[in-house]
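Chemist: Mind docking these for me? Both chains are given alone in their own frames, and the hints should help you get the complex.
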Amino acid sequence: MDCDAFYASVEKRDNPDLADKPVIIGGGRRGVVSTACYVARIRGVKSAMPMFQALKLCPEAVIVKPRFPAYEEASRAIRQMMEEMTPSIEPLSLDEAFMDLTGTARLHGAPPAVMLGRLILRMKNELRLTGSIGLSHNKFLAKVASDLDKPRGFSVIGKAQTAEFLHDKPVRLIWGVGQATQSALDKAGIRTFSDLLRWDQQDLHARFGSMGDRLYRLARGQDSRRVARDPRMKSISNETTFASDTSDPDILDGHIWRMSEKVSDRAKAKGLMGRVVTLKLKRANHTLITRRVSLHDPTQIADRIYRTARDLFDQVNHDSAYRLLGVGLSDISKAADATSYGDLLDPDAGKRAQAERATDVIRQKFGADAILKGRALR
Amino acid sequence: MKLSIERGTLLKAVSQAQSVVERRNTIPILANVLIEAEGEGVSFRATDLDIEVVDKAPAMVERAGATTVSAVTLHEIVRKLPDGALVSLTDDGTKGRLTVEAGRSNFSLATLPKEDFPVMASSEYTANFSAKASVLRRLFDKSKFAISTEETRYYLNGVYMHVAEAEGGRMLRCVATDGHRLARIDADLPSGAEEMPGVIVPRKTVGELRKLLEDDDADIAVSVSETKVRFTTDKVALTSKVIEGTFPDYMRVIPTGNTKKLEVDASEFAQAVDRVATVSSERSRAVKLQLDEDRLVLSVNAPDSGAAEEELGVAYGDDRLEIGFNAKYLLEIASQVDRENAVFLFNSAGDPTLMREGNDTSAVYVVMPMRV
Numbered sequence: 001m002d003c004d005a006f007y008a009s010v011e012k013r014d015n016p017d018l019a020d021k022p023v024i025i026g027g028g029r030r031g032v033v034s035t036a037c038y039v040a041r042i043r044g045v046k047s048a049m050p051m052f053q054a055l056k057l058c059p060e061a062v063i064v065k066p067r068f069p070a071y072e073e074a075s076r077a078i079r080q081m082m083e084e085m086t087p088s089i090e091p092l093s094l095d096e097a098f099m100d101l102t103g104t105a106r107l108h109g110a111p112p113a114v115m116l117g118r119l120i121l122r123m124k125n126e127l128r129l130t131g132s133i134g135l136s137h138n139k140f141l142a143k144v145a146s147d148l149d150k151p152r153g154f155s156v157i158g159k160a161q162t163a164e165f166l167h168d169k170p171v172r173l174i175w176g177v178g179q180a181t182q183s184a185l186d187k188a189g190i191r192t193f194s195d196l197l198r199w200d201q202q203d204l205h206a207r208f209g210s211m212g213d214r215l216y217r218l219a220r221g222q223d224s225r226r227v228a229r230d231p232r233m234k235s236i237s238n239e240t241t242f243a244s245d246t247s248d249p250d251i252l253d254g255h256i257w258r259m260s261e262k263v264s265d266r267a268k269a270k271g272l273m274g275r276v277v278t279l280k281l282k283r284a285n286h287t288l289i290t291r292r293v294s295l296h297d298p299t300q301i302a303d304r305i306y307r308t309a310r311d312l313f314d315q316v317n318h319d320s321a322y323r324l325l326g327v328g329l330s331d332i333s334k335a336a337d338a339t340s341y342g343d344l345l346d347p348d349a350g351k352r353a354q355a356e357r358a359t360d361v362i363r364q365k366f367g368a369d370a371i372l373k374g375r376a377l378r
Numbered sequence: 001m002k003l004s005i006e007r008g009t010l011l012k013a014v015s016q017a018q019s020v021v022e023r024r025n026t027i028p029i030l031a032n033v034l035i036e037a038e039g040e041g042v043s044f045r046a047t048d049l050d051i052e053v054v055d056k057a058p059a060m061v062e063r064a065g066a067t068t069v070s071a072v073t074l075h076e077i078v079r080k081l082p083d084g085a086l087v088s089l090t091d092d093g094t095k096g097r098l099t100v101e102a103g104r105s106n107f108s109l110a111t112l113p114k115e116d117f118p119v120m121a122s123s124e125y126t127a128n129f130s131a132k133a134s135v136l137r138r139l140f141d142k143s144k145f146a147i148s149t150e151e152t153r154y155y156l157n158g159v160y161m162h163v164a165e166a167e168g169g170r171m172l173r174c175v176a177t178d179g180h181r182l183a184r185i186d187a188d189l190p191s192g193a194e195e196m197p198g199v200i201v202p203r204k205t206v207g208e209l210r211k212l213l214e215d216d217d218a219d220i221a222v223s224v225s226e227t228k229v230r231f232t233t234d235k236v237a238l239t240s241k242v243i244e245g246t247f248p249d250y251m252r253v254i255p256t257g258n259t260k261k262l263e264v265d266a267s268e269f270a271q272a273v274d275r276v277a278t279v280s281s282e283r284s285r286a287v288k289l290q291l292d293e294d295r296l297v298l299s300v301n302a303p304d305s306g307a308a309e310e311e312l313g314v315a316y317g318d319d320r321l322e323i324g325f326n327a328k329y330l331l332e333i334a335s336q337v338d339r340e341n342a343v344f345l346f347n348s349a350g351d352p353t354l355m356r357e358g359n360d361t362s363a364v365y366v367v368m369p370m371r372v
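So the protein sequences, as listed, match chains D and A.
Numbering-wise, the first sequence is residues 1 to 378 according to the numbering used here.
Numbering-wise, the second sequence is residues 1 to 372 according to the numbering used here.
One or more hints might be untrue.
To be verified - On the chain D side, residues computed to face chain A include the following (Cβ under 10 Å):
1. Lys143
2. Val293
3. Ser294
4. Leu295
5. His296
6. Asp297
7. Thr308
8. Asp311
9. Leu312
10. Ser340
Just so you know, the hints here were simulated from the structure itself, not pulled from any lab data.
All C-beta atoms in this analysis are idealised placements derived from N, C-alpha and C, irrespective of residue type, glycine included.
With the rest of the complex left out, here is chain A (with noise of 0.2 Å):
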């Protein structure tokens, strides 16, 4: 194999496979990149045997080949190299070298037999469709905040993506949830996705997929099967297992009843909530909302460290109201917020409290309190 490729070109699709690699391995052909040369281009192939990526990026390539290298070791290379320099990649195919050059440097790494590299099954898809990279960005941007960190109910571990019937009619989906807090997220349903089973898309998963969907007109060709989601940039494919398990009945956890309605400036808001949380104790992190006609007064008692308030103008009309949330949770939820006025509606201190934005269904948060 011996070709040659643009830095800037060969970083990028180096760095998207060494961040798919685990750290800690035990398997040292999982530390490698498979690096496939043919014809126009090149491909970089990383997984962990749960998510695959594989990066295409356009080379000269001389002589067709494939061995495969330590990926953090040839993305730290890269990186140290000039931007501009014209990087060349020759394996001999006997010594069990990869020698990289660049103008005067000069690198020799060890290969492992790329016949050892794990390639993912692929796998039927009963699903197929197309979607704006800007659309599945807030789909997941908006709901990832919630995905759960217990190893017990592995099942929260992702972002449950699916069809879903709403007022408008069906939808596609994204609800993550840990159970102090839920996030549920919909988009026009993409033709193609009707069918799509629903799957638990898992943490890691969807923090390489939002390096795809960094140009919001480009579109993402997504394949969904009960157990795989693929999704494919023209330069970039990423297929990732899916998580087993039943993703729980979240409509009965999104209240229905809740009728006080607070109206505010959500940026006013998480900055406020911010302010008065400086005090709050290390553990609880407790900020209670103590609202009234048309007022809210934000406030922290944490009898080790001290007290803070700090008063707001909102539209509230309703009785008055005592409610204390974890102040890491109102801000997360706050800074979803980006167009219009953050609209809570509470029912009593002990009972779940919904957020979303303005009169918009589309993007619903919701959230439990906590005894202050």
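Chain D with its partners taken away, still in its complex shape (with noise of 0.2 Å):
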């Protein structure tokens, strides 16, 4: 299940005055489209493009401030519904799941097509929100289906029509082909499925390696994913991009801060901890420069995260002002049930994990600008 314009669905929802108007989701002179409606789609307005370009297409546009409670809310009640179906859901995202609903047939007395016809009913009566079915033999196809006819699609693609709906579809469909892949395919002459299909195992391992077996196994309908109710995390991070350039070290050093935290938040709230961290800056002219270290032992602490970050920062040539900064976590496991007490050359490391924890249940009760680093204001 796919939902339609998401955000944008859940704003013209909320806002009745933006029903007919052509509405981008998205934040700031810097952004990008994050979401756009229906409307301004028929503009040529789409997702991740910057703001100004969708401005150029569209001016009349309404742009509107994501607000990600509301979206995170609608898309709870979702969930809700689909657990009602089966309990074997994957989110991908908060607007879009895949949902296994094999050997449900006799538990609800009606096949899955029906049920998720009754899914997208109710999410229409009791949620005013529209989405798109693309059903299927496996997770590969479902997705393909679900963007076949949106919005408001519902398609279905039995194993025997595999073969030949797939035929004469082009090999981008695939999720994990981009340009880079696209382009080596296209050296090869592998254009539609059906070019992938002369080809051998070995020879499509041989000349893009492990992609090469996926693509072996696509071309034929195959794809052995399970809906997995937890996909494993494999990393945490957030970046921002300012609304200016900046060279300046203190308010970089608030930015590194805030991402810290956000990241530790989020590890903390899934019980995760990560060796890893991740320093990510663009400079002004787009160029990326990324630094990483491991830690002796993985963390879940935004002081921690923040002076590993910090130190990396301060290991970086700066000779340029930034557009961006990120600050990540990876190799992650899931949080210890014991943790070191500290470093033994940085005594205070100890009390500050404390006063953090302190602060993070103060936060979880009062919200989270209760109690705030000085750094944060930066």
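Modeler: Right, dumping it as structure tokens:
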């Protein structure tokens, strides 16, 4: 199930004045389009398009700042409806999820197609939101089907139709085939799935590595990935694009702290820790700098993430202003049952971590802004 | 160059040289060993630009000369030759090949010009002293487990060798720490070492040095400058750059007010820790110590894998205490104790714990506890 222009639809639902207007969800002068409603899409506005370009295409568009709490609430309500159909749900984002309905027909007394129809109807009646359904025998085809006749789509790709369906479809339908893979495929003369069928597995593997193996199977409509309720998270990262380029170390320091705190908040909420800290900087000319370092033991503490990212920042030879800064945590594991009391050489680290835990409790009770570090205000 | 040498002697000399050579190398000459034959002997020199080792061995030199060949290849060949064989090395200086002959085996190895081989610049050493191999071995063996592998704090990637003021006067001291445990080992200050600058001896050098220290009574000549350190036996000279940077003030890390004293048989303790740690979680490796009147209960409770408990009779007379540690750290520290009981001094469950051998303060270890 994939909601139709989800953020924009929530906004239109909550503010009927917007109903017939082109609406773009996104933030700031420097931002990009997060979601465009279908009215705006007619004018050529697309997701991830820079805002100025979107406004050139559609000057009368109403720009709405995203209200994530509202989207999260709508997403939860939809998730609730899905839970009634199957326990096997893999959300891809707030507005999109895989459901495994294998074996549910007898339980519900109706085949999956009927149940999905009811889901869409419930979403429309109870939440006033619409979505598109793709029903098939594996994840790859279900995803492809859900995009087939959006919005309010309902597509089924049966096992028997798979070969015929894929035959003349372009290979870029495959999730993960970006421009680079596409041009590599072009060079090999592979454009459609039927082109792929002419290759044997060894040749594809030799040419494209593990991607080649995947292509071989997907060309035959085979995809054995399971619908995973809690897909293993590989990394947690946050980044921010500044309102205007800056090289001011104090301002950048504030950003490092805020991004570290966001990453830490998410890790704590999910009970995860990570061992590798990454700092990402984008120069004004859009070139990218990334630095990473492995910690001795995994952490979820904002103070530790911040200090590590700050060390990385200090090691960079700063020769330009920056437009973006990001902090990430990877090599993720479940938060351990036991953690070290800290670093012999940094005796205050333990105290700072304790202070942070205490702060977290206060923030949980009185809101995220109830208590702040001074450097968060930079 | 033409010489003959006994296989065992050659193997020993070449194996020390080849272990200094970095396996992955972008500069071809650094994969080679420089062989120099003159008078009554031959020397083998290898370097990774940070460490240089020169091994001297007696040989029958027919024609003096020098050349360089792949250290690893030469080592492999010599290793596979039969024991007791007489090996001859010949380089006629024209074909760019070194011939290695032993019995019916004959090898021809590619050489690189000896002039290209980088020889480490000599240094003005500010302190020269002599120490028994057994003394140096104790200093480095007991501290090296605590060397850090962390890239950011590169100054912890070695053993800090320096002169320190201790209770018994000035000492030659080695300290290593990774921020989770620390080892501080003292030895009597050899004469001539008084003016030695403190140096951080890199991990790899510590490993290479160890090979020079097998013979207890051997005298090792040590030379130290601000930037280099050199260890010399009658056969081998090991020269190494030291790690630039300041070693942290470790004294404030070593707790002085810990009063809760546990005395335990070190090997019994280590075995018990090892047993219960079998079920500890892969990541945390946490072991809990519960101390009560003359009783120690070691336990592990890992929700994902299981639980374990073992009781030990110990000497302990203080308040009840529960404290957690990384099992690996406890094992490493307990295995340093070789003569007497291990004495642990605790403060609270959140404070660094101190460990030493009996009442001997010349080897002191600190370990950070875990929250369990």
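Chemist: Give a verdict on every hint.
Modeler: Consistency of the hints with the structure:
{"no.": "1", "hint": "Lys143", "result": "33 Å, violated"}
{"no.": "2", "hint": "Val293", "result": "6 Å, holds"}
{"no.": "3", "hint": "Ser294", "result": "7 Å, holds"}
{"no.": "4", "hint": "Leu295", "result": "8 Å, holds"}
{"no.": "5", "hint": "His296", "result": "6 Å, holds"}
{"no.": "6", "hint": "Asp297", "result": "8 Å, holds"}
{"no.": "7", "hint": "Thr308", "result": "8 Å, holds"}
{"no.": "8", "hint": "Asp311", "result": "6 Å, holds"}
{"no.": "9", "hint": "Leu312", "result": "9 Å, holds"}
{"no.": "10", "hint": "Ser340", "result": "5 Å, holds"}
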